[in-house]
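Assemble the whole structure, with the sequences as input and the hints as a guide.
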Amino acid sequence: MRHPLGPIVLAACVLLIGSVAEAQVWSARHHKVSKKAKHRIKIARPAAEVDVDAIEIFDEDAEDSADDEPPAKPRKLAKKARPRKEAESDRVAFADDEVIDSRELVDDDRVEPVKVRKRAAARGKDWHVAIGPYLWASSVDANVSIGSANVAAGVDFFQMEKHAKYGAELLADARFGRVTLSGDLMYGVVAINGTKDVGPLMVTLAGTASSLLVDSFVGYRLAGDEESLLSFETRAGARYQRTAVSGSVSVEGGDVSPPESVDAGGDALAGARVFVRPSNRFSVSLTGDIGVYGVSKSTWSAAADASVRVTSRLLLSLGWR
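The sequence shown begins at 9 in the working numbering and counts up by one.
For the record, the hints were derived by calculation from the structure and aren't laboratory data.
Keep in mind that a hint or two might mislead.
[What the hints assert, rightly or not] Quick list of the computed label-pair ranges, beta carbon to beta carbon:
no. : residue 1 : residue 2 : range
1   : Ile-298   : Tyr-142   : 20 to 30 Å
2   : Ser-320   : Ala-276   : 29 to 39 Å
3   : Ser-269   : Leu-238   : 41 to 51 Å
Just so it is clear, CB atoms sit at the ideal spot from N, CA and C, and this is done for glycine as well.
Given below as structure tokens:
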């Protein structure tokens with residue numbers, strides 16, 4: 009009969025061997041890891057000050073007790089055991105790298121400064137031009153001499169609508185800075201009729217009178233501007249005028265047709281113009297000129313105008329000349 013402890017002892021030996029083998033494998037693994045970590049620390053650690061916690065980890069007592077405890081991860085030990093100066097140098101280097109990277113990004117993405125160029129003012133805006141038609145309520149007087157007697161016919165401006173045949177009036181004004189250019193054109197034809205007793209005879213006058221007047225001036229503003237209350241301008245220019253009268257004279261039913269009478273000539277002028285502007289929309293202008301040289305014995309003109317600006321492009325004027 010076999011002893012009953014045989015199988016039990018054998019089983020116990022198997023278990024013990026298994027435990028020892030397992031322990032040897034575990035210890036060898038731990039020793040290998042610890043040695044590797046310790047080797048890393050010796051390489052990375054200079055002769056500078058070292059953290060106390062890192063030294064305590066690799067104490068001999070701690071190495072013996074490591075068989076019962078799971079090993080720490082090598083990365084954490086190496087990171088924890090690094091010197092302070094080296095860690096600080098790493099942090100500084102990392103900060104420097106960030107600054108360099110940010111500068112490179114700024115240089116790469118830098119936008120070239122926008123060059124702002126002052127836009128040149130359009131030349132057309134420096135010129136101010138006004139042009140438009142106008143109407144004159146004129147009067148015409150005609151005298152026809154027969155010997156020592158005169159036959160007169162007059163048409164005042166209230167009757168002009170009935171007697172006027174046709175006419176055209178145009179006014180233009182251009183300004184560039186202080187210099188102004190202006191022109192005035194007036195042309196009209198009216199019918200004249202008149203009767204008069206000359207002694208025992210009845211004289212009848214019938215005909216037309218035409219008048220052409222052209223004024224041109226160059227002015228220079230000496231004081232004020234377009235928005236000031238008062239401005240003064242000197243002017244120099246020329247005038248051309250032509251007056252023609254044609255008609256027929258009837259004496260007791262017999263027609264007598266004298267030749268057409270034409271009077272024309274040109275003169276040099278000197279004058280001035282004054283503007284008064286109580287507001288931006290309302291203005292008054294006074295203009296005068298006189299002939300200084302020409303074919304006429306004397307020529308002059310004077311005008312007063314009141315103007316109202318309806319819109320930026322429409323100006324209405326009423327005046328006397």
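Hint check against the structure, violated hint numbers in rising order = Per hint list: zero violations.
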